[in-house]
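Can you make the complete structure from the sequences, with help from the hints?
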Amino acid sequence: MTKLTHLTIAKALKGLKNKDFTAKELTEAHISAIETSRSLNAFITETPDIALKQAEESDKRRASGTTGLLDGIPIAVKDLFCTKGVQTTAGSHILEGFIPTYESTVTANLFDNGAVMLGKTNLDEFAMGSSNTTSYFGNVINPWKNQNKPEADLVPGGSSGGSSSAVAARLALGATGTDTGGSIRQPAAFTGTVGIKPTYGRCSRWGTVAFSSSLDQAGAFARTVEDTALMLQAMAGHDPKDSTSAQKDVPDWSAALNDDIKGLKIGIPKEYRLDGMPEDIEKLWQQGMEWLKESGAEIVDVSLPHTKYALPAYYIIAPAEASSNLARYDGVRYGLRVEGEDLQGMYENTRAEGFGDEVKRRIMIGTYALSAGYYDAYYIKAQKVRRLIAEDFTKAYEQCDALLTPTAPSAAFAIGEKEDDPIKMYLNDVFTVPASLAGLPGMSVPAGLDHDGLPLGLQIIGKAWDEQTVLNIGKTIEKSAQFAAMPQMVVQKAA
Amino acid sequence: MAKLTKGETGEWETVIGMEVHAQVIAKSKLFSGSATTFGAEPNAQVSLVDAAMPGMLPVLNEHVVEQAVRTGLGINAKINLHSVFARKNYFYADLPQGYQISQFEDPIVGTGTIEIDLPDGTIKEIGVTRLHLEQDAGKSLHDQHPTKSYVDLNRSGCALMEIVSEPDIRGPEEATAYLSKLRMILRYLGTCDGNMDEGSMRADVNISVRKPGDELGTRAEIKNVNSVKAVQQCIDYEVRRQIDLIEEGGTVKQETRLWDPAKMETRSMRSKEDAHDYRYFPDPDLLPLEIKHEWVEEIKQTLPELPDQKKHRFMKSYDLSAYDSSVLISERARADFFETAAKGRNAKLTANWVINELLGGLNKENKNIKDSPIKAEQLGGLIELISDNTISGKIAKDVFATMYETGQDAAAIVEEKGLKQVTDTGAIEKIIDEVIAENPDNVAAYQGGKDKLFGFFVGQVMKKSQGKANPAAVNELLKKKLK
Numbered sequence: 001m002t003k004l005t006h007l008t009i010a011k012a013l014k015g016l017k018n019k020d021f022t023a024k025e026l027t028e029a030h031i032s033a034i035e036t037s038r039s040l041n042a043f044i045t046e047t048p049d050i051a052l053k054q055a056e057e058s059d060k061r062r063a064s065g066t067t068g069l070l071d072g073i074p075i076a077v078k079d080l081f082c083t084k085g086v087q088t089t090a091g092s093h094i095l096e097g098f099i100p101t102y103e104s105t106v107t108a109n110l111f112d113n114g115a116v117m118l119g120k121t122n123l124d125e126f127a128m129g130s131s132n133t134t135s136y137f138g139n140v141i142n143p144w145k146n147q148n149k150p151e152a153d154l155v156p157g158g159s160s161g162g163s164s165s166a167v168a169a170r171l172a173l174g175a176t177g178t179d180t181g182g183s184i185r186q187p188a189a190f191t192g193t194v195g196i197k198p199t200y201g202r203c204s205r206w207g208t209v210a211f212s213s214s215l216d217q218a219g220a221f222a223r224t225v226e227d228t229a230l231m232l233q234a235m236a237g238h239d240p241k242d243s244t245s246a247q248k249d250v251p252d253w254s255a256a257l258n259d260d261i262k263g264l265k266i267g268i269p270k271e272y273r274l275d276g277m278p279e280d281i282e283k284l285w286q287q288g289m290e291w292l293k294e295s296g297a298e299i300v301d302v303s304l305p306h307t308k309y310a311l312p313a314y315y316i317i318a319p320a321e322a323s324s325n326l327a328r329y330d331g332v333r334y335g336l337r338v339e340g341e342d343l344q345g346m347y348e349n350t351r352a353e354g355f356g357d358e359v360k361r362r363i364m365i366g367t368y369a370l371s372a373g374y375y376d377a378y379y380i381k382a383q384k385v386r387r388l389i390a391e392d393f394t395k396a397y398e399q400c401d402a403l404l405t406p407t408a409p410s411a412a413f414a415i416g417e418k419e420d421d422p423i424k425m426y427l428n429d430v431f432t433v434p435a436s437l438a439g440l441p442g443m444s445v446p447a448g449l450d451h452d453g454l455p456l457g458l459q460i461i462g463k464a465w466d467e468q469t470v471l472n473i474g475k476t477i478e479k480s481a482q483f484a485a486m487p488q489m490v491v492q493k494a495a
Numbered sequence: 496m497a498k499l500t501k502g503e504t505g506e507w508e509t510v511i512g513m514e515v516h517a518q519v520i521a522k523s524k525l526f527s528g529s530a531t532t533f534g535a536e537p538n539a540q541v542s543l544v545d546a547a548m549p550g551m552l553p554v555l556n557e558h559v560v561e562q563a564v565r566t567g568l569g570i571n572a573k574i575n576l577h578s579v580f581a582r583k584n585y586f587y588a589d590l591p592q593g594y595q596i597s598q599f600e601d602p603i604v605g606t607g608t609i610e611i612d613l614p615d616g617t618i619k620e621i622g623v624t625r626l627h628l629e630q631d632a633g634k635s636l637h638d639q640h641p642t643k644s645y646v647d648l649n650r651s652g653c654a655l656m657e658i659v660s661e662p663d664i665r666g667p668e669e670a671t672a673y674l675s676k677l678r679m680i681l682r683y684l685g686t687c688d689g690n691m692d693e694g695s696m697r698a699d700v701n702i703s704v705r706k707p708g709d710e711l712g713t714r715a716e717i718k719n720v721n722s723v724k725a726v727q728q729c730i731d732y733e734v735r736r737q738i739d740l741i742e743e744g745g746t747v748k749q750e751t752r753l754w755d756p757a758k759m760e761t762r763s764m765r766s767k768e769d770a771h772d773y774r775y776f777p778d779p780d781l782l783p784l785e786i787k788h789e790w791v792e793e794i795k796q797t798l799p800e801l802p803d804q805k806k807h808r809f810m811k812s813y814d815l816s817a818y819d820s821s822v823l824i825s826e827r828a829r830a831d832f833f834e835t836a837a838k839g840r841n842a843k844l845t846a847n848w849v850i851n852e853l854l855g856g857l858n859k860e861n862k863n864i865k866d867s868p869i870k871a872e873q874l875g876g877l878i879e880l881i882s883d884n885t886i887s888g889k890i891a892k893d894v895f896a897t898m899y900e901t902g903q904d905a906a907a908i909v910e911e912k913g914l915k916q917v918t919d920t921g922a923i924e925k926i927i928d929e930v931i932a933e934n935p936d937n938v939a940a941y942q943g944g945k946d947k948l949f950g951f952f953v954g955q956v957m958k959k960s961q962g963k964a965n966p967a968a969v970n971e972l973l974k975k976k977l978k
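Line order of the protein sequences matches chains A and B.
The opening position of the first sequence corresponds to residue 1 in this note's numbering, with each subsequent residue numbered one higher.
The opening position of the second sequence corresponds to residue 496 in this note's numbering, with each subsequent residue numbered one higher.
Any given hint might turn out to be false.
Claimed, not checked - Just the calculated beta-carbon pair ranges, DEER-fashion:
no., chain 1, residue 1, chain 2, residue 2, range
1, A, E391, B, D769, 41 to 51 Å
2, B, G622, A, E391, 35 to 45 Å
3, B, D731, A, Q87, 56 to 66 Å
4, A, D376, B, T642, 58 to 68 Å
5, B, T617, A, E391, 49 to 59 Å
6, B, K634, A, P251, 42 to 52 Å
7, A, K265, B, G622, 28 to 38 Å
8, B, K634, A, Q87, 48 to 58 Å
9, A, K360, B, N863, 38 to 48 Å
In short, the hints are calculated from the structure, not lab data.
Because the structure is a prediction, the values reported are computed rather than measured.
Just so you know, even glycine gets a beta-carbon here, dropped at the ideal spot from N, CA and C.
Below, the structure is given as structure tokens:
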């Protein structure tokens with residue numbers, strides 16, 4: 001029998017149903033995997049006691065015949081979701097020791113569906129980063145190694161790097177993430193996992209520490225497309241406590257999931273062909289088109305003319321909102337307080353010590369962009385660009401049903417690389433940011449390895465509220481790619 | 496013509512615009528479900544949203560929006576079907592979010608007008624620029640600990656309407672008339688209780704002076720003006736300060752000043768250079784507020800009769816003077832009391848009794864019409880007894896005093912004390928005869944030409960009848976008998 005930690009969520013659910021193992025056994029297997037993989041630094045807080053208790057309750061429910069969609073499935077939760085009674089840090093010193101008295105809607109939905117929480121995963125501070133190197137709680141390490149440079153530790157992508165690393169290393173069957181400009185899709189690509197960001201408004205933001213309110217959206221990591229569908233189904237839904245959450249029913253995505261994409265038109269945006277993009281990525285993209293064609297889809301060339309303005313617009317809008325969203329971390333009511341001579345001094349000391357460099361950089365950019373005299377030139381201009389980008393997608397969708405692009409312009413890189421220049425780091429999100437600005441669903445599916453033996457992902461971008469098509473195309477790629485590679489450490493451990 | 500202020504160099508005109516913050520009457524806050532009751536224990540009415548815990552989101556209170564629309568309709572203003580909530584960013588200990596959710600470029604209510612009644616009986620129209628909704632801040636308490644400040648978040652997130660006037664106000668009388676009228680309208684509408692001493696209505700006063708006909712002068716904004724009287728006082732002080740300053744060769748600085756009611760002066764809080772850059776931007780946690788025209792129309796149908804309408808109706812249908820009407824309509828409860836008491840009775844007489852006797856008595860005790868020991872119907876009963884000559888006006892005052900003290904009906908008091916007016920001429924004649932018999936000297940003097948003594952005889956007769964004799968009958972019979 002396969003190791004319990006190597007199961008998919010779908011197979012684990014079957015095993016639980018068939019009484020091949022209990023939720024407790026499944027959970028214990030994951031708890032010990034976490035214990036032996038602490039070198040990855042994937043978790044900020046491990047919650048084995050809670051996990052075991054939830055698993056036991058799940059076993060009882062299963063015995064009595066009333067189970068939820070994810071009953072007994074051990075998952076990891078990005079430490080941006082507030083969890084009742086469990087420290088929630090957002091990867092920041094300023095929230096170290098903060099224990100919410102409330103449960104975020106997304107985690108509450110997961111628990112209502114029977115999910116078991118193994119712990120809170122590491123992330124870039126306040127979800128700001130693409131490499132998980134800005135966390136106050138240390139870098140997260142990607143379980144994958146560059147076969148030509150095996151001595152270097154690689155980044156797991158960011159900001160949801162703890163979640164992607166944990167799922168790739170078989171420390172959890174699935175994990176929650178949040179995606180503001182690519183924070184689920186890019187780490188999924190870097191770790192050979194599947195990651196989905198649904199349409200903006202699909203998941204409630206209530207109880208999730210805010211980075212950029214108009215862009216933040218919760219989503220899921222897992223090792224198969226079907227598993228992400230199950231995860232997302234258990235997380236999503238309208239929430240009256242979030243005015244931006246959509247009043248839409250959650251479809252049964254997993255039940256409707258299939259690889260019949262005959263007749264679908266898949267758009268290939270020409271603006272995503274970047275100069276200097278690694279050849280492996282270009283080749284994989286071509287391969288993806290071939291697979292979809294073989295499955296009966298039609299490939300069409302489309303244009304998203306404002307793509308090149310997406311990244312600059314994003315790096316105005318997201319920091320502007322962040323500069324305001326992070327004002328509440330002032331040392332007055334919770335979290336870190338560093339005393340000062342007066343109120344002003346206390347603010348300065350607390351925020352100087354509590355926030356890391358990247359967070360400070362974005363607060364300053366955002367504050368500047370909203371300042372009198374600059375607001376029109378930056379913030380308003382960026383919002384106009386954002387509308388043009390959304391219109392680009394609307395026009396493209398007159399010709400096609402979904403888009404296929406690479407997820408990221410490179411494979412996972414070494415920790416410390418690209419740290420000298422924030423712009424280099426920001427370029428990681430070049431393919432993921434446009435869909436975020438337009439609020440569209442996007443997914444990264446592992447599709448192959450590059451010449452260094454590192455996983456690469458393909459991104460599928462869908463129409464608003466059409467996660468089903470995105471999932472079905474993902475399923476098709478998954479089936480064609482037969483991606484079975486595993487991180488070296490997982491292989492070694494299994495041996 | 497607006498009142499001018501004399502200075503060394505001639506006369507000066509005062510130009511005033513007001514920003515009034517009115518707390519909306521609502522059970523819960525603007526964006527959270529916490530209660531809004533005044534006077535609760537510190538921090539007893541604070542939700543996770545009000546305390547700006549991580550991940551908390553605002554959800555707009557529909558009732559508050561209705562109240563704002565109602566208020567807009569009450570001041571004849573344009574209702575904006577599309578409005579936007581924006582964040583006003585600044586740091587302060589009693590502002591948990593680090594920003595106030597307010598409305599900036601797109602307020603819910605646009606331009607309107609308020610009519611004010613001036614002491615000389617004229618009416619002036621004051622323009623309203625806008626009304627917008629915003630969150631109140633909490634309260635910092637600096638006097639509870641030697642080195643620390645305490646923060647009470649009960650008020651944090653309560654809904655405020657900021658009502659901004661045009662600079663149409665000229666001088667303290669107009670300013671107080673504006674504030675009083677606005678408060679009256681809000682109270683009529685039931686959208687703000689107008690209790691300035693509880694902080695549910697607060698005013699910022701923008702003041703500048705100029706020579707008549709000149710361009711507008713530089714203004715100072717006076718904050719913390721928390722009573723109608725303080726509005727008057729701070730304007731008097733500030734106008735004098737600005738005139739003296741300019742006449743001594745100085746210039747008025749654009750700044751925010753604080754009214755100190757203890758020292759009776761304004762003093763500088765911060766200058767324009769130190770002004771915050773609030774970095775307003777649309778709140779991404781809230782969608783733009785879209786309301787339907789039909790809904791606004793529905794709200795319009797539920798508006799009560801407003802003070803000005805009521806005043807004109809009182810003047811027309813009850814034939815009351817403008818002054819009496821103004822007094823009666825200044826509170827809705829007062830007007831209702833009057834109308835109940837006057838129904839089917841002599842309205843002018845009723846108005847006199849309400850204004851002179853009842854309100855006079857209540858004012859002495861600092862009481863409101865709602866606390867009146869005499870109910871409207873009971874006062875109406877008294878009016879009936881006067882109108883049908885059952886009692887004289889003089890006796891009525893005694894009856895009123897007893898009613899005020901005991902809460903009894905007028906008829907019962909008259910019955911019990913035997914105060915019915917004597918109209919029986921035989922009985923009156925008998926008393927007159929006695930008085931004539933007892934005062935032969937005065938009778939002789941009167942008949943000898945001292946007409947003034949007639950009043951003496953009336954007084955004696957009334958005294959003997961214990962005030963119950965009908966005065967008209969007494970007059971007539973006395974004249975006959977003394978011939």
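Hint by hint, here is what the structure shows:
1. A:E391 to B:D769: 41 to 51 Å: For D769 of chain B against E391 of chain A, whose Cβ atoms are near 43 Å apart, the range 41 to 51 Å holds.
2. B:G622 to A:E391: 35 to 45 Å: Since G622 of chain B and E391 of chain A have Cβ atoms about 41 Å apart, the given range 35 to 45 Å holds.
3. B:D731 to A:Q87: 56 to 66 Å: Hint holds: Cβ distance 58 Å, inside 56 to 66 Å.
4. A:D376 to B:T642: 58 to 68 Å: violated, 44 Å
5. B:T617 to A:E391: 49 to 59 Å: 57 Å Cβ-Cβ, so the 49 to 59 Å window holds.
6. B:K634 to A:P251: 42 to 52 Å: holds, 48 Å
7. A:K265 to B:G622: 28 to 38 Å: With a Cβ separation near 58 Å, K265 of chain A and G622 of chain B fall outside 28 to 38 Å, so the hint is violated.
8. B:K634 to A:Q87: 48 to 58 Å: Violated, since K634 of chain B and Q87 of chain A (Cβ atoms, about 31 Å apart) do not stay within the stated range.
9. A:K360 to B:N863: 38 to 48 Å: Violated - the Cβ-Cβ distance for K360 of chain A and N863 of chain B, about 56 Å, lies outside 38 to 48 Å.
In this structure, the hints that do not hold are numbers 4, 7, 8, 9, in rising order.
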